[in-house]
Amino acid sequence: MSEHLLSVDDLRTYFPTDRGVVRAVDGVSFDVRPGEVVGLVGESGAGKSVVARSLLRLVDDPGRIVGGEVRFRDRTLVGFDDPPPDGPDVSDSLPDREFSDATLSAARMRADVRGNEIALVFQDPTESLNPVVSVGAQLREVLETNRDLDRAAAREEAVAMLRAVDIPEPAARYDDYPHQLSRGLCQRVLLAMAVGCEPSLIVADEPTTALDVTIEAGILETVRDLQARYDTAFLWITHDLGVVADLCDRVAVMYCGEVVEQASVEDLFYDTKHPYTRALLDAIPRPDRTVDRFDVIPGTMPEAVDPPSGCRFHPRCPDARAVCTEVTPDCRVVADGEQPHRSACVKHDAFDADYEHSPPIDVADATDADEAGETEQGGPDDR
Amino acid sequence: MAGNPRAERAEAAPGSDSPRVGWRATLATLGRDRSALAGLVVVATVLAVATVAFVDAVVFGFLGEFGFFASLGVEQYWLAKTVWISPTAEVAPELLPPVGLENAFGQGRLAHPLGTDDRGRDVLLRLLYGSRVAVQVALVATLVGAVGGSAVGAVAGYYGGWVDDALMRGVEVLYAIPFLILVLALLAVLQARDSLLVVTATVGVVNVPEFARLIRSRVLAVREATYVEAARAAGRSHLGVVWHHVVPNSLGPVVVQGTVRVGTAILVIAALSFLGFGVSEPTPSWGAMLATARDVMLQNLWFSLWPGLAILVTVVGFTLLGDGLRDTLDPRRSQ
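So the protein lines, in turn, are chains A and B.
Just so we're aligned, residue 1 is where the first sequence starts under this note's numbering, counting upward by one.
Just so we're aligned, residue 1001 is where the second sequence starts under this note's numbering, counting upward by one.
This list has only true hints and no planted wrong ones.
Now the stretches of chain A that chain B is said to cover, found in silico as 3 or more residues with beta-carbon under 8 Å:
| id | region |
| --- | --- |
| 1 | 102–114 |
| 2 | 126–132 |
| 3 | 140–149 |
Everything labelled a hint here was simulated from the structure, so no lab data went into it.
Built from N, CA and C at the ideal position, the CB exists for glycine as well.
Only chain A is shown next, with the shape it has when bound in the complex:
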């Protein structure tokens, strides 16, 4: 456990709404080791961004972290004395839960963790910069806040950081305002802010999603450079599996507030263990194959107010059987390798759920796309 830089265990972040409690993050566990790039993948609304904010305890009202533990090095960022509340109890209102005494105080969280230990990079680079302050001054302020630098030293360091993220003419760009820079350059400035505080972990929340592919490629190149130079760990949140393959060491796949598969990049792509990941991979357009229509995943992700019973993916899953509606799978190790390969699918032997003898069920939303899915994916018998 001690080798982990960040370990997240059974994290739950819920949002009370008029229609019930939205379980945006519902029992997520993963870990990040020092210097490692971990991808966090999933559809929009899977809860990826809420995970990022929960790590830094920046969940907006009325959302609340109601359970689980987040440990960073030897510090507890999120922790509770009693076990998390179980499903049905919280359907209407959120329990008022206090963090345990071992958890860092809000003030220590701000002073010791945010920025200088864990930095966060957001999706929209132009929105993430204050429009009325020059980018250099913003960078300098962040450096002053998180490192023991006086104004002059911070300014020098800021220019050095602008150079480090491959911004041309950094001294001239220092006095530019965000609207004078392109999105790509703004994202580089934000990277400089994150890296400049010399954190051990950078959480990047879809940082290249708003950029076009050539700019994205440039940014990824810079990130790889920085990662090699500073040995910073990254939690790279994205819905782009291409970026994951390009950048990450390990991946966690999220679906509807849960992690459904976690493995090294190679294992995830070549030895996929969860039907959802399989479906995601099949949905990627491939230049070497001509198809009439893409293999989209049938249906839409269920709302987290009232998730389906059993496995949350079963209404859309081509491999679904009766047992899937009854057993709620946790994300357990299903294959050993260099990295343990975890999957939350009962078809694996690690789950003693008698999947083999369970009758297949009719997947309601998946009527027409189902057949194509069966043939191309080879069906459940393959594994």
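Following the hints, put chain B in place on chain A, whose structure we already have.
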């Protein structure tokens, strides 16, 4: 790799060649708007006159208290006396008309181009020196209102919840009472009808609600911005975020409103001194001049015209400038 960001830079070029930021850009845009330019000229003139009057009436008066400066001859209205006459001295027949005209009291003279008042004091000089009271009180009172209101509104808007409720309900109680009546009531309670300082502070406090409501509405939008969240994620405290990110991004409307409010405040000061609050004879002020002129309107109609014109031109000047600034600073118009 090196070529990549450069390409981004080229794409971004249009904005960067002519930076539309800072005071220079604001003034340049303002210069293209004729009415705003006229407002700017009026405001600049009034401010210049008021500054000279302030130095002569207040600074010199203060310095004259000290032996060293007194031995140099420094005293209140030193400048006015040296160049011409003191605005409080009685030097000519009373109620003379402007130069070139004639009335029952005599022929207008070049020495008193706008005529004299009921005590034979030069109207032009009193008008110029009267600007000091108007501008001094209006600027300080608006500043007090803007700073106080911004603080209240920013805190209320950013923190929300019961803080917001408590602050804004209090502000709305103030807002519900008509402006002038509230000022008069406060002055009556404070028993300070002659104190310019108390009048200034009172008008300032009464200005708070408008600014508080204005900035709160901006802050409600700004606090949801990603850069606020990003600043929090970078380890900034709530107050640091409010001061460095929320307030600067909410100030545009406050600057505009402030400029317009200075005009309104000048009107209020004039109304107050017309009613006998704030300044007392012989200190010149536009409102008090109007009050005196009303009593002698039948004898010398001209006398009542000048302070009224001064108030009108100044208030219109500030309002035009405010309108111009609104257009310049409005992000929707400038993009």
